[in-house]
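Protein chains in written order, with our numbering: chain B, 222 to 476; chain Y, 222 to 476; chain W, 222 to 476; chain V, 222 to 476.
No wet-lab data here; the hints were simulated from the structure.
Misleading hints may appear alongside valid ones.
Put simply, identical chains are the same to the list, so a pair is met inside one copy or across any two.
[As the list claims (entries may be wrong)] Calculated pairs, DSSO-like style, for lysine-lysine (alpha carbon to alpha carbon, straight line, at most 27 Å):
| no. | residue 1 | residue 2 |
| --- | --- | --- |
| 1 | K419 | K325 |
| 2 | K463 | K375 |
| 3 | K375 | K272 |
| 4 | K449 | K376 |
| 5 | K272 | K369 |
| 6 | K271 | K376 |
| 7 | K271 | K298 |
| 8 | K375 | K403 |
| 9 | K369 | K463 |
| 10 | K473 | K271 |
| 11 | K272 | K419 |
| 12 | K403 | K473 |
There are 4 protein chains.
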Amino acid sequence: MKVDVNCDYGESYGIYRISDNEKILDYATSLNVACGFHGGDPVVMDMTVKKALEKGVAVGAHPGYPDLMGFGRRHIKLSHYEAKAYMKYQIGALKGFVESYGGKLQHVKPHGALYNDAAKDYELAYAIAEAVYEIDKDLIFFGISNQKTIEAAKKIGLKTANEVFADREYNDDGTLVSRSIKNSVITNKDRCVDRVIKMIKYNYVETINSKKIDIIPDTICVHGDNEKSLELIKSIRENLEKTGIEIISFNKRLD
Amino acid sequence: MKVDVNCDYGESYGIYRISDNEKILDYATSLNVACGFHGGDPVVMDMTVKKALEKGVAVGAHPGYPDLMGFGRRHIKLSHYEAKAYMKYQIGALKGFVESYGGKLQHVKPHGALYNDAAKDYELAYAIAEAVYEIDKDLIFFGISNQKTIEAAKKIGLKTANEVFADREYNDDGTLVSRSIKNSVITNKDRCVDRVIKMIKYNYVETINSKKIDIIPDTICVHGDNEKSLELIKSIRENLEKTGIEIISFNKRLD
Amino acid sequence: MKVDVNCDYGESYGIYRISDNEKILDYATSLNVACGFHGGDPVVMDMTVKKALEKGVAVGAHPGYPDLMGFGRRHIKLSHYEAKAYMKYQIGALKGFVESYGGKLQHVKPHGALYNDAAKDYELAYAIAEAVYEIDKDLIFFGISNQKTIEAAKKIGLKTANEVFADREYNDDGTLVSRSIKNSVITNKDRCVDRVIKMIKYNYVETINSKKIDIIPDTICVHGDNEKSLELIKSIRENLEKTGIEIISFNKRLD
Amino acid sequence: MKVDVNCDYGESYGIYRISDNEKILDYATSLNVACGFHGGDPVVMDMTVKKALEKGVAVGAHPGYPDLMGFGRRHIKLSHYEAKAYMKYQIGALKGFVESYGGKLQHVKPHGALYNDAAKDYELAYAIAEAVYEIDKDLIFFGISNQKTIEAAKKIGLKTANEVFADREYNDDGTLVSRSIKNSVITNKDRCVDRVIKMIKYNYVETINSKKIDIIPDTICVHGDNEKSLELIKSIRENLEKTGIEIISFNKRLD
Chain B
222 MKVDVNCDYG ESYGIYRISD NEKILDYATS LNVACGFHGG DPVVMDMTVK
272 KALEKGVAVG AHPGYPDLMG FGRRHIKLSH YEAKAYMKYQ IGALKGFVES
322 YGGKLQHVKP HGALYNDAAK DYELAYAIAE AVYEIDKDLI FFGISNQKTI
372 EAAKKIGLKT ANEVFADREY NDDGTLVSRS IKNSVITNKD RCVDRVIKMI
422 KYNYVETINS KKIDIIPDTI CVHGDNEKSL ELIKSIRENL EKTGIEIISF
472 NKRLD
Chain Y
222 MKVDVNCDYG ESYGIYRISD NEKILDYATS LNVACGFHGG DPVVMDMTVK
272 KALEKGVAVG AHPGYPDLMG FGRRHIKLSH YEAKAYMKYQ IGALKGFVES
322 YGGKLQHVKP HGALYNDAAK DYELAYAIAE AVYEIDKDLI FFGISNQKTI
372 EAAKKIGLKT ANEVFADREY NDDGTLVSRS IKNSVITNKD RCVDRVIKMI
422 KYNYVETINS KKIDIIPDTI CVHGDNEKSL ELIKSIRENL EKTGIEIISF
472 NKRLD
Chain W
222 MKVDVNCDYG ESYGIYRISD NEKILDYATS LNVACGFHGG DPVVMDMTVK
272 KALEKGVAVG AHPGYPDLMG FGRRHIKLSH YEAKAYMKYQ IGALKGFVES
322 YGGKLQHVKP HGALYNDAAK DYELAYAIAE AVYEIDKDLI FFGISNQKTI
372 EAAKKIGLKT ANEVFADREY NDDGTLVSRS IKNSVITNKD RCVDRVIKMI
422 KYNYVETINS KKIDIIPDTI CVHGDNEKSL ELIKSIRENL EKTGIEIISF
472 NKRLD
Chain V
222 MKVDVNCDYG ESYGIYRISD NEKILDYATS LNVACGFHGG DPVVMDMTVK
272 KALEKGVAVG AHPGYPDLMG FGRRHIKLSH YEAKAYMKYQ IGALKGFVES
322 YGGKLQHVKP HGALYNDAAK DYELAYAIAE AVYEIDKDLI FFGISNQKTI
372 EAAKKIGLKT ANEVFADREY NDDGTLVSRS IKNSVITNKD RCVDRVIKMI
422 KYNYVETINS KKIDIIPDTI CVHGDNEKSL ELIKSIRENL EKTGIEIISF
472 NKRLD
């Protein structure tokens, strides 16, 4: 049994610093690097990619809506062609940095509102998955487990990674319970660890209504912007390893 | 005797349209495509690259300072590392579009104030030439004939294209006479054609002070944004061909 | 009987030019001047305001979503507080230019997707009307006749101007038939003129389904970006004047 | 003897947080609030202005170059007309927020590279001082003591505030020793306090070459982004008050 652990990274902009705890590079196996539209700037991208490759962490693009002021968290009603072109632009830009250091871009994970919109809108998901495929058909597309993003990416012929969340409650349809709803974020570390192990061993998760639903845990999403989240990752890793689950990025798995 | 004819292209932004006369694609052999910082947006870039490749015109990146409001024509005092990272970002982004259509990026030509600044500042020129090299060491770097840009690019090991201007007066040091000076732009079509032929045949140009200086005409810069400039290109092409000079892009020359 | 004629203006950005036909200043009585978020930049705003005041045309702010790449035509899901703050910023900026030339800002008309969203969403309309009121409670708020924008603005205590469209078909609920639907734009000049006169004299308009609905024609929206639209305005003005309807801006009406 | 204490504030952008320690509002008498070009966004501006007015701290505009990615710290070669228009836009926008809460904008202090450029370039200083005057001739213009900014502002007829720095070494010509030079920032708190008192009592400062030069301390620039700088302000305030120097903002002084 193998699983990837991914983390958003490189979302600073100019002098504005955010969430780049270097320690996370010791625990995550895949990094989602911001591409300049919702966060990240060319200098940040260059430094982030260089550091990640030095540490041996796999690098992916983390493209978002063109909305720095809203950090890509606000829905923008784009045409599918616009969404596709915005993806191509951002993925191409990050791919350039990765290749300039002799690396290979591993994956693409949409950010924020684009991630959520694509999970529910097959046409949008298809458009952005096309962008990924056309930039490089070997890229792995990350999307929330069992939703439209994965469905569209598969249709196009992309390799996909079903993403699961350790510390978030699920609705019965497999979507995440909104952060605006009380107790949607699980703060008990042991419960998070237990959930993840069950996802990996038995491929199910218990929803907020105590229903068991199917889930595919190819990659676990973690955050590294505070000490508490770092401890959660550490604990997840340790417990997974104890259980005999290997934590490994996709590009290594494929070697 | 062979020469390339290059033209800036794809500088529209959103609904704002600029200078994209499709007829120019019948006369230019290399296009410098804006990359989103001074002009161009992902949709424009996608459409431009697709059209250029269909027409068989070679595509290059045309990166500029991050200044849409000033169209990249205003000097910004960047650190060399910033300049390099901004170049990598823009070139990578355009390269992605080109490769998504099965093409190959041919060259890089800096835009506006960045073009002019690099011509005079070896350190800046070196930084941006490094960016080109690190993205893809086979890219050809376009810079004004015999100035710092070319010197730095050669030092790094890049192939270079010395650029000449058909309708602009030169200073004795090989730089262009500023547009703000009277008669700096040559409006007599025959004189432009005659100058270009002399550049190619005898490798010199007569400066505004009637001095003959050495010039290397690897590629001629033309514009396509009005009927008059289109006529100039047409006339240059016809007369060059009559003289037995072949007009051909670099990637074809190398085949 | 009196009516105002308003026109969007000053939507250029940097070297990108759009729709600023000076002749329109002879026909429109109120200008909606872009404020930098969807179009317009400080230099354009300064020049536009100066010119409008010289010509004696009343100046209003034309704030939009922060989306230059989409020209403010794409819905962005803002919080009400964000929408309100974005309005205050843009109106304040334009008001500064107007007052710097000794003028007085007359009105505010939201642009593009923000205009359409507010017409249907009372909460959003209320938030942006609050912004107008807090910047200057004497500003007149322009919105499509009889929709949520006007309702919210009245509730807050603002003066309002019900806007009507000469060349657009209406749905039975008073909204405009989408441009994407065939024949939604009326191209017959005489029919446009006839409709406007009926709106002003009898306060009704015939919808696309031939139903007569109430309409309040405080201000007529016109465009000035091509010769045909200029002719339409000219014809509307001439025919209104023949019918004894006075064309006058609000600030003059109030004197 | 009276002096003002000013502090930059409201430079956050979207989710990016910077330097807004609320405690500073207990020590500073004038706030320089970012206006969206180098930092600050409409929501941040709205919240900052509201908070400052509640606390009774005088609010000024802190306009900068249009360069969020460089935080306004990089020189951009603008025309004087561009610089003037960019100032009018930003001051107008902030003035709108201040007036929407019933306040009155007190002053304008240019930010970063624009502050430094104007100190040395009379023409640029004149252009931006004109912008201030045209927006509101009662605004106070803040500039480094005895340099071009103050000279130009006086010529135009603006009230000015000569700004001094407690913790920075001066060159013999009254400019600041660059941060890139060793020991240019004074870390000894007592020495800072002692310098400020001498500036106010005797109107001189000792330069890095131990020369005494004239200085006019209308307002002292402080920072509030870390605990150490907060302690410095606290110490300056306490010691000034002990010496019988009153700390008061300009608008209160004028009452």
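Looking at the structure, which of the earlier hints fail to hold?
Hints 1, 2, 3, 4, 5, 8, 9, 11, 12 contradicted; others consistent.
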